[in-house]
Amino acid sequence: MKFIDKLERKFGRFGIPNLTIYMIVCYVIGYALMIVNPGILNWLSLEPAYILRGQVWRLVTWVLYPPSTSGVLWFAIAVLFFYYPIGTSLERTIGTFKYTLYILSGVIFTILGAFILYFLLGGNVLVGNVFSTYYISLSTFLAYAMCYPDMQVLLMFIIPVKMKWMAIFYVVIVVYEMIQYIMAGAWYLVIPIVASLLNFIIFYFGTKDFSRYNPKEIHRRNEFRRAMEPQGRMKSGSGSVTKHKCAICGRTELDDPNLEFRFCSRCNGNYEYCQDHLFTHTHVK
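At position 186 of the sequence shown (counting the first as 1) the number is 186 in the working numbering, and the numbers step up by one without a gap.
Note that these hints are calculated values from the structure, not bench results.
A hint or two may mislead.
[To be verified] Listed next, the in silico DSS-like pairs over lysine-lysine satisfying Cα-Cα at most 30 Å (straight line):
#1 Lys243 - Lys10
#2 Lys6 - Lys243
#3 Lys164 - Lys285
#4 Lys245 - Lys6
#5 Lys285 - Lys245
#6 Lys162 - Lys285
#7 Lys10 - Lys245
#8 Lys285 - Lys243
[To be verified] DEER-style ranges, computed between Cβ atoms:
#9 Phe11 - Tyr271: 31 to 37 Å
#10 Val56 - Asp255: 40 to 46 Å
#11 Gly54 - Arg92: 40 to 46 Å
#12 Gln275 - Val25: 20 to 26 Å
#13 Leu254 - Glu177: 47 to 53 Å
#14 Ile40 - Lys243: 53 to 59 Å
#15 Ile201 - Thr242: 37 to 43 Å
#16 Arg92 - Val56: 31 to 37 Å
#17 Val28 - Trp187: 31 to 37 Å
#18 Lys285 - Ile40: 49 to 55 Å
#19 Tyr271 - Val171: 32 to 38 Å
#20 Arg262 - Ile179: 47 to 53 Å
#21 Tyr22 - Val171: 25 to 31 Å
Owing to the predicted nature of the structure, the values given are computational and were not obtained by experimental measurement.
The beta carbon of each residue, even a glycine, is placed where N, CA and C say it ideally should be.
Construct all of the structure, not just a fragment, from the sequences and the given hints.
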């Protein structure tokens, strides 16, 4: 996405490193409040009617509202074994700035969706906890699945399933929920879903931006680059010999002197990777 790349070159320093950890902290605070004093959550939710009456803190505090009230144990399992590794890996894959922009755009679209729904309903119905970060978290999972469609995870810690099939399953569930809401006359419940997933729709379906991070696509580009540059680690156009070269993206220390390179001990061969792909590449066996 050229527009996002331009923003990154100009405002890249404003990316928030380890944003996933901050989001998890918000979830922990929300669950703690739910256990200690559930009533206080009513003062934190995204309520456009109250925001327009002066309770502007709700524009921020709604992210503390737990995305699910199914139980703290399932929340801990989801965070430790699913959301944290996916979020941090996605940040390393697409970069801190783009990941920050992706998450914040989901937050902004959700707030806009809340106000749109408020005005569509004539300002008479408060949407309350209909809006949460649940679908923003889902959009993170979908983005990761687009980057690594063939990566396998253990469903219920037993059944190996590829990420692309899990993504398709969740998309089917979301579409089914929206159809059910519409058939039941609760069409307004579709707006929170669309608003929270709009960042994924824009980033992927509008530009196919995530496809360039697919390992197969990266491998294809690298094979083409190697075929066009038989001189190995010679820097194209400069004739300079480089000491380091990432096996995934092909960048060297001449592209960015701040890049760090490491060899992977789990790959079968002498493969070197930059800091962005050291933990996200597919190991060569």
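Q: Quickly compare the C-alpha distance for Lys6 and Lys243 to 30 Å and report which way the hint goes.
A: Cα-Cα ~29 Å, so holds.
Q.
Against the range 31 to 37 Å, how does the distance between the Cβ atoms of Phe11 and Tyr271 compare: consistent or not?
A. holds, 33 Å
Q. Taking the beta carbons of Tyr271 and Val171, is their distance inside 32 to 38 Å?
A. Because 34 Å falls inside the window, the suggested range holds.
Q | Lys243 and Ile40 - C-beta distance against the hinted 53 to 59 Å | A | At roughly 56 Å between Cβ atoms, Lys243 and Ile40 fall inside 53 to 59 Å, so the hint holds.
Q. Is the distance from the Cβ of Ile201 to the Cβ of Thr242 consistent with 37 to 43 Å?
A. holds, 39 Å
Q | Assessment of proposed distance window 20 to 26 Å (beta carbons of Gln275, Val25) | A | Given about 25 Å between the Cβ atoms, the range holds.
Q | Satisfaction of the hinted span 31 to 37 Å by the C-beta atoms belonging to Val28 and Trp187 | A | holds, 34 Å
**Q.** Arg262 paired with Ile179, Cβ distance criterion 47 to 53 Å
**A.** For Ile179 against Arg262, whose Cβ atoms are near 48 Å apart, the range 47 to 53 Å holds.
Q. Is Lys245 close enough to Lys6, meaning Cα to Cα at most 30 Å?
A. holds, 25 Å
Q) Given the hint that Lys162 pairs with Lys285, does the C-alpha gap stay at or below 30 Å? A) Holds, at about 19 Å.
Q.
Within 49 to 55 Å: is that where the Cβ-Cβ distance between Lys285 and Ile40 falls?
A. holds, 52 Å
Q | Range hint 25 to 31 Å (beta carbons of Tyr22 and Val171) holds or violated | A | holds, 27 Å
Going down the numbered hints, you'll see the structure goes against none, and every one checks out.
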